[in-house]
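For this one, chain A is given, so just place chain B with the ligands on it according to the hints.
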Amino acid sequence: MNILSMQNIRKSFGEREVLKDISLSVAEGQVTAIIGPSGSGKSTLLRCATLLETIDGGSVTYLDKTAAWEEGGKAKYASAQVLREVRSCFGLVFQNFNLFPHFSVLRNVMDAPVHVLGRNKKEVEEEAVALLRRMGLEDHAANYPCQLSGGQQQRVAIARALAMNPKVLFFDEPTSALDPELTAEVLKVIRALAEEKMTMVIVTHEMNFAKLVADHVIFMDGGVIVEEGGPGIIDDPSHARTRAFLNKLEG
Amino acid sequence: MALWTMVQTLADGMGKSILIYVCTLAGALPLGLLVAFGRMSRVKPLQLIVKFYISVMRGTPLMLQLLVVFFGPYYLFRIPTGSSYRFVAVVIGFILNYAAYFAEIYRGGIEGIPQGQREAAHVLGYSRSRTFLTIILPQVVKRILPAVTNEMITLVKDTSLAFAISYSEMFTLAKKIASSQSTLMPFVIAGVFYYVFNFIVAFLMERCEKRLAYYN
Ligand SMILES: Nc1ncnc2c1ncn2[C@@H]1O[C@H](COP(=O)(O)OP(=O)(O)OP(=O)(O)O)[C@@H](O)[C@H]1O
Ligand SMILES: [Mg+2]
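First to last, the protein sequences are chains A and B.
Numbering-wise, the first sequence is residues 1 to 251 according to our numbering.
Numbering-wise, the second sequence is residues 1001 to 1216 according to our numbering.
Next comes chain A alone, as it looks inside the complex:
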């Protein structure tokens, strides 16, 4: 079953068309890696999927809930109520974490489940502590984000997203703000999630990591999907543009 299905997505910023008729679907338990050069529209695609940007055309559907569809050549969005339900399907991990600096680590993880979902505080706390333990952060629950390293902050951000029990988790270059040694600890956590069959969509420049965790790899360039397939396409791309991009990364 597809958790997410995006059909014929179009998106422009002013005159500039950033996404040109992009379609992708994400099956349950699948890890999708999106790769491609800077400016190819990877972040924009993720922001459209997470409703941070509005699409100009096409459709976005999570499970059986359609967030946006095309009507008369324009995109139409569902009611606020439906969008709220849709939003509860996904989580997003940002490149620069975007933790709430005035909340402790524990509160960062607990606040939304308690105040958005209205769940029992005790229950949420138990879960949050367990999540932090999984992230290797059990000693930092009472700390504030500014007291943590970048890698630790990113793991808190992952815990915060997971605490909402999303059906799919999006990552936009989760390690590109981090030093190499901190990158490893974050990638390890994401890999562990993949092994637990968490559905994920990851925009990344880490090709070795993509090869390792992805079931499906999408190569984007110039607002279109140039090539997609199994992780094998990273070693053996069939498209000249993919090859050029990968060679440049290695070079």
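Zero decoy hints are in this set.
Computed footprint of chain B on chain A, listed as stretches where at least three residues anywhere in the stretch have a Cβ under 8 Å from a Cβ of chain B:
{"hint": "1", "segment": "91-99"}
{"hint": "2", "segment": "106-117"}
{"hint": "3", "segment": "137-150"}
Calculated directly from the structure, the hints in this document are not laboratory data.
All values reported here derive from a predicted model rather than from experimental measurement.
We put the CB at the ideal spot given by N, CA and C, even for glycine.
Okay, now just chain B with the ligands, sitting in the frame of chain A:
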């Protein structure tokens, strides 16, 4: 006039100065937030009106504004104003003026919060009001505290401008005594008073800043 009577008279004025101060802050701090919202509004006419209001408040002397608020109702609209209006006019004038300054400080603070904070809250499902009240506002408060402290210190001294419409706060009384008794003493006392008042304000605000220093 004995020094003691002088101090007693001035102490009475101090009470009034403090009253102006407290009323002004109580009005201008929240009103400033409304003004800031108007200034940031996507409704263009509202935004322009508020922008104009702010530029007038900041671009003309506060003393002049006090005079307009005090004499305006009668000279412009022939509305008779009773003697109790003197205090009301002072407070209205100060609130209108300081709200404009606070609004610009708030706006800077609100716009300075990284967009990512709103986006993170949005994706987590926070409502707009909850995002503003629990995510944005606390961070804004921390950021603007030094600038607000500056305004609060200026306001202590600005309360003396109420002499322009002869409201009998501290400075008005000091001037009156000084000229009738030909002595500088009331000014010295007034100076000490303003200094101590500001010392307390600065001390309290510093404590607030320290309380919020647990993150950055
Ligand atoms: N809010 C915006 N307003 C105008 N143009 C934008 C906006 N966001 C993105 N763009 C443009 O859209 C294009 C695609 O940007 P996007 O951030 O999606 O690329 P990307 O593939 O994520 O690149 P990178 O690898 O550098 O993160 C770029 O040319 C960018 O300048
Ligand atoms: Mg990007």
